[in-house]
Each structure stands twice: as C-alpha cells, then as structure tokens.
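Residue strings, one per chain:
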Amino acid sequence: MDFLDSPEEAEYRAGLRAWLERLTAEHDGPGMSTRDWHRTLYDAGYIGQTWTVEEGGKGLPPTYDVILTQEVARADAPSVPANPNYLGRTIFKFGTEEQKAKFLEPTLNGDIQWCQGFSEPGAGSDLASMRTRAELVGDEWVINGQKLWTSAAHESDWCFLLARSEPDAPRHKGISVFLVDMKTPGVTVRPIRTTDGHEHTCETFWDDVRIPAGNILGRRGGGWPIAMWALQFERGPADLGIVAGLLKGLHKLDAYAREHELDASADVRRAIAKAYVDIRVLDLNSVRQLSNRVAGHAPGSDGPVAKLLWAIGAQSLGHAWLDALGPLALTGADDGHAVSEYFYSRPSSVYGGSAQIQRNLLAQRFLGMPRT
Amino acid sequence: MLAVPTPEQELLADTVRSLGAAVGVRNPQDLDAFQHEKAWAALAGTGLLGLRVRDDGQPEASGVDVMIVAQGLGAQLSPAPFLASAALAIELLELAGADRPLIDAIAAGDAQPGLLLDRGLTGLADITAGDGGVLIGGVHSDHALALRGNQVVRVQGPFGPGGGADLTSRTTRIAPGTELSATGVGEPLTPEAVRRWTALALTLVSADCAGAMRAAVDGVIEYSKQRIAYGVPIASFQALQHLIADAFTACEAAVTTTSYAAWAIDAAEPVEALLAARTAKAWVGAVARNVVETVMQIYGGIGQTWEHISHVYARRALLDVALFGDENYQLDQIFDLRREVG
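Listed in order, the protein sequences are those of chains A and B. At position 186 of the first sequence (counting the first as 1) the number is 186 in the numbering used here, and the numbers step up by one without a gap. If you want the numbering used here, it's the 1-based position in the second sequence plus 372.
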C-alpha cells in the first residue's frame, strides 16, 4: 500500500508544478476564462492524458489525474475541466466516425464547451421519468421540453441532451442521447439563483428545437446505458476537483477565523478541525478508490460511498462557516459570506443522485438487500 | 501512488483471519472459555507479536502491516492484547533504545507488559505526578510500561484484577497516590519519538475499531436478510437499508483514513504522521458509537440481550473511542497540528 508518488509520478508532478509556477508568474493563471484555461492545459498536454492511446490520449493511469487536480489546486488555478474525460470518452465509445471526427478534437482542446441536459423539473434522482421528447420529422429531430440544473448552459456551445424518443417503450428504453448546438433556434437558457444567492446553474427550455437526424448518439432508445456509462467517469477524478475546492474553502475559513481572532474559542477550533477531518476523509477515499481502479478491482460500492462522503465533507464545511461565525454570520457582519457558504453546501446531498438514492443503491445493489 | 494492499498484505490479512477461534470470540460465552496463553502462543508462533522489532534500525513490518493485523484482530473481537502488549510495547522500547532481551522476550511471547495510561486514557501516564492511571493490556502480566517525564519506565505489579466496559480487553485502575515501583528503560524519548509512538497508537486503536465495526455491520447485514417480519426479510425495509448504508459508509471511510495513517507511520514526517493518525481517530471517534448502536438497533430484541454478540462489539468500540483521546480531544490537537504542517 503506497500513498507516495512512484519515481515516474514524482517526475510528472515536478514538471507540472514548475509549469504551473511559470504560468502563474507570466500570465496570472487564475484570471483566465474557462475556455482559455482549458486551451492552456490542452496545449501543455494535460487534457485527456489518461485516455488510452487508441482514444488519442497518453494512456496514463488515473492517478495522474489525481496529481493534476492536486497540483492545480495547490497553485490556486481554476479547476481542471471535467467534460473531456466523461463526455469525450462517451462520444469516443458510442459515436459514429463522423461524430468522432467532428467532436473529439474540439472537446479535448476546449473549443467546444459542453453542458449536460439530464435533470428535469419532474425528473431529478428518478432521472428515467424524464418527459422532454424528441420526434423524428423528416430528416430532423424536433425537441420539446424543459431541463433543470443544466450547469454552465449559459457559457456552453453544445449540450449532451437526454430526451424521450420512443414514447411507447418502457421508460428506460425510450430515451436517446442527442448532441445539440446551443445556438439552435428554440433553445432558451435562464440562470437559476440558488439559495446561496448566486447563479451557479441554469434551466433550459427547448421549444421546437430542430437538429439534424445524424445528431443522435448511439441507437434510438439506447440512451440510458450511454448516460450511465458517461456518469461513471463523472465520479473519481472529478471528485478530486471537489476536494480541491473544499480544501480551498477551508483555508479561507481558517484565514477568516485567524484574522478576526475567532479561533480563540475552542468551539470554533473544533468546528474547523471537524470540517478538515471530513474533507480529508473524502480526499483519501478518492485516492483509495482510484488506486483500486488502477489495480483492476471492480468499482463495486465506490460510487454511492464517494457521493455520500462528498456531501458529508461539503456540508461539514458549510456548518463550520456557520458555527465559527455564529451570530456574526446571522447578522451580516461578514457581508453574508458564511451564510452563503452554508447554503452553497446544501445541494451537495441532492445533486448527482440524492443521498437517499445513494443509500438505496448501496444497500440494494451492492449489499444485497432486496427491494420491496 | 497505489493505495491498495500488496499481495503480501492480503496474505497477512488472510493469516490473521485463519487464526479464527484460536484468537477471537464469536459470542459472549466464548469469553469464559477463552485461553489467553494459547492465543498468545498462536500470535507468537506466526511471528505477529514481533512485527515492530527493529532489524538494523528498520522495523520488520511496516505500519500498514501492523494496522492490517490490528484490524483483523478487532474484527474477531480478539481478547489477546496484541495492540498494547506487543505492537505498542515493542515500539516504545525500540524508540527508547531498550536492551534487546526485553524486546525479544515480548516478540517470543514470553513477556506481556501492560501499558499504564493516564486516568483520562489520553496517553501514557507520567508517574511523576502520582495520579495513578489505568492499565491496559498485560492481562496476565506483573509489569507495565509508563513514562517518568520523557523516560520510559517499567512499573512493577501486581496491579489487581481487570474490569471495565470492554469484555474483550480488561482494564485495571490504579488509584492516585499508589506507590509505584519503577525502573528506567533505555534513553529518554525525543519529542519526535513521542509523536511517532502516539501516531502508531492512534492508528492501531482506529484500526481495531474499524475492524470491529465492519465485522459488526457485516453480521447485521446477513441477519437482516434472514430475519422475517411482516412476511418479508427486514433487509427489504428502506428505513433499515438507509441505516446500514450510512454505517457501511462510515466503516469504509474509517478503513481508508486508518490506511493512510498507517502508511504515514513509516513514510511521512512525524508531524504529518501524527496529523494523519489524529484525523483517522477523530473520524472513528465521530462514527463508532453510532455504528454499533445501529447494529444493536437492527438486531432488535435479541441485540439487547447479554448472550448476543452485539454488545461485545459495542463495548469494544466504546473503549476504542476513548483510548488515546475521543473525537473532541483529537479535534483540539488537529487544529494546531494543521497550522504546524502548514
């Protein structure tokens, strides 16, 4: 059991760190737009590094993505884009030659930014109950419906959209994947203001959106397994991006507590230490799970365990903000920052499959407890 | 970076499992018939007692190896005091540079010292204070290890009969003001050595607790699939599924943090090793009581009886949570250690 870099990993880490330091010194890295940052990482060879050589990557083990996210967080640069790994790979696996030629390169280099059109007002954790429909009319698919939690839709070029194309099929078998240009007439994006007061995500409206018949990914009605296949890559390395963000948040809280001398209180010190423990648990869990993948062990219960620990870590930090500032937070002495952080942490047990769904999955699928 | 057990470490876990009934208990009745000498001989015979013996300054087995043994013995509710009387005793004597015969006698199973902790169970007792303490391990021994300032001392018994909450690991209280006859062993410990030893202690207690929790949860999952209520297995009730999913997740995370702490024992700087160990212990301290209570709850009526195994798990977990400091104790230390690590 080894948590330390191998010689190859150490060399990679050192090269990456030096590159990040140069970049920060020359360009003010953190100030870049999402697209520019993506392109910069791509040009330096860091995007798609863990794809197989056949897929156009370098075939590095997933632990290299751990190192990448760790070092990027250490340099306080924006997080590593997640889309190439999970949507790019999916297009590679399920796309036609034409689709691969059109989408793979720009997905990797950042020219195409994707959003994910999965959830709907009536279909969150129970995703298969979605009602957005796609109808083949002549040589075009016509899409009508509404999607919710379409994160980054306002700055995306294309959408990886799930819609019901076979209205008479059983619910898991009537869904297809569509690749939709967000500039297509009939697509409306509206930011959603979440409880923390900020606009982190969007809702999207699809009114008679006409796309070419060839923009279906995989076969008609075959979208559900494709979506599930894609989501398995959303976990893992992507979680490490979460960890990096949470650790940054914790440092911010720590600095605030020190600056305002809140850490003279034993309760405040404990609240901060507690958040540290819970975030560190999530961090180490990601490393252990990725190591298991490298060692060739099946993921088993990893997905639900990771998502449950993610929510615990995120919400522990939210609680620490509230508990550390106490009445200061509730009376606006900090311009509402702590309360905002607290509310920001709440959806972590809802999105990506609620904590309750994760518990069902864990018990029923992996611990062999029967469904009623 | 490959944070999975090596084939050798898998084999070690199998070895501990295969000792089975010779070192562990399956139900409370086994406790009366438990043969301490035989269990200790079995552990000595497989070489497990001497894992931390130094050869040319290097421990024979890594922190991860010892953690695997502690976890396995915790899962079997072993009454053999491996943790206190072998792994931690030898580590302490090695760090103090004690004479070889003292150490070799423990590894061979011929000596079984207890550890004298302070009355709050947060660490080794400093006998200078004359505050007495609590003896752990050393079930059939007439001596214990403690500190006088930074000096490791051998305290001469006898200490009186054991008792306490944990039926598998007896404790003996030494009243404040008790005259203790003690002789120094080896050289005074450096602050770094104290940190290293404390990190190992926290890690092994966390591993013991993680093993016990995981075995308790595995047991109740099986039970829930057999036990019928309202015509169906109770495992099909979502309310119970959610309790078990949370307990399972808590155990997984306990194993993960403990694994990292164990790795850090030999591979990281003392301050990082101590931070990792306190982090593992803080997590275990936060979840353990809830996990064993969940197990007792799902067993229902039978889980509330003396003859059932669930309270044996619970009692072991309760003592583990307290040993070397509970969650709040760890959190207080973690806050400062984090700033020291930077």
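Since the hints were derived computationally from the structure, they do not count as laboratory data. All C-beta atoms in this analysis are idealised placements derived from N, C-alpha and C, irrespective of residue type, glycine included. Treat the hints with care, as some may be off.
What the hints assert, rightly or not - Derived DEER-like restraints, expressed as beta-carbon distance ranges:
{"#": "1", "chain 1": "A", "residue 1": "H251", "chain 2": "B", "residue 2": "D590", "range": "48 to 58 angstroms"}
{"#": "2", "chain 1": "A", "residue 1": "P299", "chain 2": "B", "residue 2": "I674", "range": "32 to 42 angstroms"}
{"#": "3", "chain 1": "A", "residue 1": "H154", "chain 2": "B", "residue 2": "D386", "range": "49 to 59 angstroms"}
Just tell me: holds or violated, for the beta carbon distance of A/P299 and B/I674 against 32 to 42 angstroms? Given a distance of about 35 angstroms, which is inside 32 to 42 angstroms, the answer is holds.
Is 49 to 59 angstroms a correct range for the gap between the Cβ atoms of A/H154 and B/D386? holds, 55 angstroms
48 to 58 angstroms as the expected CB spacing between B/D590 and A/H251, which holds or is violated: violated, 38 angstroms
In this structure, only the earlier hint numbered 1 is contradicted, and the remaining ones agree with it.
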